[in-house]
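Residue numbers (the working numbering), protein chains in the order written: chain A, 18 to 206; chain B, 35 to 189; chain C, 244 to 604.
Hints were generated in silico from the structure; no laboratory data involved.
Glycine residues also receive a C-beta, built at the ideal position from the N, C-alpha and C atoms.
Please note that the accuracy of each hint is not assured.
Simulated crosslink set (BS3-like; lysine-lysine; CA at most 25 Å straight-line) [said to hold, decoys possible]: (1) A/141 x B/91; (2) B/62 x C/295; (3) B/146 x A/166; (4) B/91 x C/295; (5) B/62 x C/428; (6) C/418 x A/49; (7) C/428 x B/44; (8) A/186 x A/153; (9) C/419 x B/146; (10) A/23 x A/166.
In silico contact screen, one side only, chain C against chain B (beta carbon under 10 Å); selected entries [said to hold, decoys possible]: (11) 271; (12) 300; (13) 327; (14) 330; (15) 392; (16) 403; (17) 407; (18) 409; (19) 429; (20) 435; (21) 436.
Below, each chain spelled out in residue letters.
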Amino acid sequence: MSAKIKSPWILHYNCGSCNGCDVEILACLGPKYDLERFGIINKGNPKQADIFVVTGPVTKRTRARLLRLYMQIPEPKVVVAVGTCACTGGPFRNMYNVENGVDRFIPVDVYIPGCTARPEAILKGIKKAIEIWKIKTKESIEVPVVIQKEFEETLSKMVLHGQTVDRRKIIHDLVNKYIKNNLEVTKCD
Amino acid sequence: MLKMFIESLKNLFSEPATLPGIGTEAPKGYRGLIVFNKEKCIFCTKCELVCPVDAIKFIYPEDGSRNLEFNYNPFLCIYCGECVRACPKDGALIQTNIVPEPGTQEDNPNEKWFEIERRAQESKKKWQIALAKKRQEALKKAKKQPPSDKKGSKK
Amino acid sequence: MENKMIVPFGSQHITLLEPVRFIFETENEKIVNVDVDVGYVHRGIEKACQTKLNYKQVAYIIPRICGLCAMSHALAYITAVEKILEFDPPKKAKYLRVLVHELDRIHSHLFAMAHVAEAAGYENLVMHLFRDRELAMECLEILTGNRVQYDYGCIGGVNRDLTPEVEKILRKKLKKLEDRIHWFKDLYMNDYTLSLRWKGIGVISKEMAEKYNAAGPVARASGVRTDARAEFDALPYRDLGFEMIVYKDGDIYSRNLVRLDEIFVSLRIIWNILDGLPEGNYKEEVKGLPKGESVCRWEAPRGELFMHVRGDGKQILTRVRVKTPTFSNIPVLRELFVGANYADVPAIITSFDPCMSCTAR
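Produce the entire structure from the sequences given, and follow the hints as far as they go.
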């Protein structure tokens with residue numbers, strides 16, 4: 018863990034935003050507000066990422082991809098929600114194709130407000146996220162909000178029967194079942 | 035190719051373009067956080083009607099009086115400044131140039147706001163019923179008084 | 244058995260900022276068929292404008308359709324509503340609206356050129372472009388209050404005035420920017436490796452652009468003379484020295500040069516405004532409710548924008564309809580892919596400068 022602390026890598030996904038906050042995130046990786054001096058690179062690969070940066074109010078087409086990307090990032094990980102759209106739905110709150118905010122699906126650690134969020138605020142937020150990340154270990158597994166109830170039921174049943182408990186496998190199976198049954202996934206997703 | 039090489043060599047020996055630390059403060063005219071002064075407010079609720087995203091909600095008291103409770107969500111506001119322009123009193127709502135701070139899981143901006151919206155809606159209905167009752171009682175009192183006044187003035 | 248391979252360009256990709264999905268069918272690295280899926284960003288804005296928001300609040304929600312063309316959407320809507328109310332804004336307000344609009348165009352074109360250079364693999368040039376784009380963003384922050392999403396236009400004029408201290412700072416920064424753009428133009432025209440990657444790739448001929456109705460710098464780089472700024476008179480572009488830029492070749496190299504020359508034209512317009520700003524109010528009050536129908540054509544940084552507004556005499560409008568420029572460019576993009584090499588796909592997509600959040604509102 019001490020070798021990874023000096024270089025956390027980023028994965029960025031846009032869940033239906035207006036691109037304003039994404040432009041500010043790219044400006045943070047530019048020369049004036051330099052995130053690369055903290056060791057941060059934007060690679061598009063979830064298996065190599067530590068920080069998951071999300072923008073946009075979640076539309077109904079992007080829900081499945083958001084959950085799958087979250088499950089593929091290895092522990093320990095933090096989630097940062099940038100902009101008012103990702104925190105509470107923003108100006109698109111209660112429109113017909115919008116779920117209000119990212120934290121109705123995955124657990125969020127840092128919320129950054131602003132329309133659009135100023136690069137100084139993004140730098141402060143990522144610094145806070147790195148401090149939260151240093152404390153977590155490999156065993157700190159968090160459960161996505163949508164399967165919380167079923168996870169607790171399955172866990173109590175397995176403990177009662179005395180079987181060995183593998184939390185990661187239970188969460189993966191439950192999320193796949195949820196996506197297949199509840200989210201309407203078309204041929205292309 | 036040679037041009038870019040010469041430019042990179044020049045940049046190696048000049049001052050860096052990166053801002054030190056976490057950056058600078060916001061300039062004076064930046065549209066930042068909204069601040070509310072309770073002493074100057076007259077509770078006309080114009081700011082709640084004008085806001086495009088409903089980031090200001092008033093909770094009404096139970097007795098029909100005009101002493102409302104102000105609620106503002108900095109994680110839902112879009113910092114456009116319409117409420118400041120619509121306020122009739124000078125100084126009740128001010129837009130400062132403070133950049134809003136990031137929050138963590140303890141702030142809980144989404145679930146708490148759904149709760150506040152529900153409470154505001156219910157309290158408004160009860161307040162309107164209480165206000166209508168008050169007005170009816172005041173009308174009844176006004177109807178009873180003139181006959182007793184006339185007798186007093188004649189005597 | 245044919246050797247076809249299906250390659251997805253999924254909704255999360257590092258080349259583009261937005262979610263869009265292409266499914267390519269290739270045979271030995273040449274593309275045979277494309278399946279396009281836009282619509283990941285649909286939020287339902289037009290329905291909310293008809294049921295929940297009154298006509299003054301719509302002016303703050305409509306620019307949040309897209310963050311890079313924010314000023315264009317807002318000004319098109321405000322001009323359409325002012326036509327219904329038969330109100331002519333004061334002259335100073337018109338000049339200030341053009342000033343902020345041209346600054347918006349400059350920073351959007353620099354951003355697009357940085358993306359094309361990143362797809363070609365030249366990261367040093369990307370960092371240089373981002374450093375000089377910050378000069379335009381600082382100007383905008385001092386003038387309007389925010390770097391992206393300036394809520395600057397309102398029905399009746401603009402929200403803030405241009406004071407003399409702000410004007411001094413603007414002149415200093417814009418002079419520095421102009422010298423740097425001359426250096427960039429020299430580099431883009433004469434570099435040897437960049438010309439090998441961009442000349443002759445992604446060619447759109449003039450007949451193809453006219454048949455599929457392309458818009459914006461994509462059409463102007465193929466020889467089609469179309470620009471909404473030369474044809475409408477809601478803003479005083481003809482008095483301020485506007486000139487249309489047309490190139491003939493139609494490949495990625497010409498599209499870059501069209502964008503660079505448009506930055507020069509915008510800078511010239513801004514110098515003319517700062518030298519000759521008229522006196523007067525910057526905001527007036529408008530009375531009455533909108534009753535009637537009107538239409539407005541506008542020139543966003545990516546092409547032609549079209550707005551239709553209809554009201555019935557009440558606070559809430561009955562219909563707001565937006566046609567965005569990237570929506571017209573998608574059929575041309577699809578025709579261009581068939582027959583191209585698979586390795587050229589990121590360069591072609593970024594040279595089109597797509598804005599998917601405009602396409603699916």
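Taking the hints in turn, this is what the structure says about them:
no.	hint	in the structure
1	A/141 x B/91	violated, 29 Å
2	B/62 x C/295	violated, 34 Å
3	B/146 x A/166	holds, 21 Å
4	B/91 x C/295	holds, 17 Å
5	B/62 x C/428	violated, 35 Å
6	C/418 x A/49	holds, 20 Å
7	C/428 x B/44	holds, 19 Å
8	A/186 x A/153	holds, 20 Å
9	C/419 x B/146	violated, 49 Å
10	A/23 x A/166	violated, 37 Å
11	271	violated, 33 Å
12	300	holds, 4 Å
13	327	violated, 20 Å
14	330	violated, 19 Å
15	392	holds, 8 Å
16	403	holds, 8 Å
17	407	violated, 14 Å
18	409	holds, 8 Å
19	429	holds, 7 Å
20	435	holds, 7 Å
21	436	holds, 7 Å
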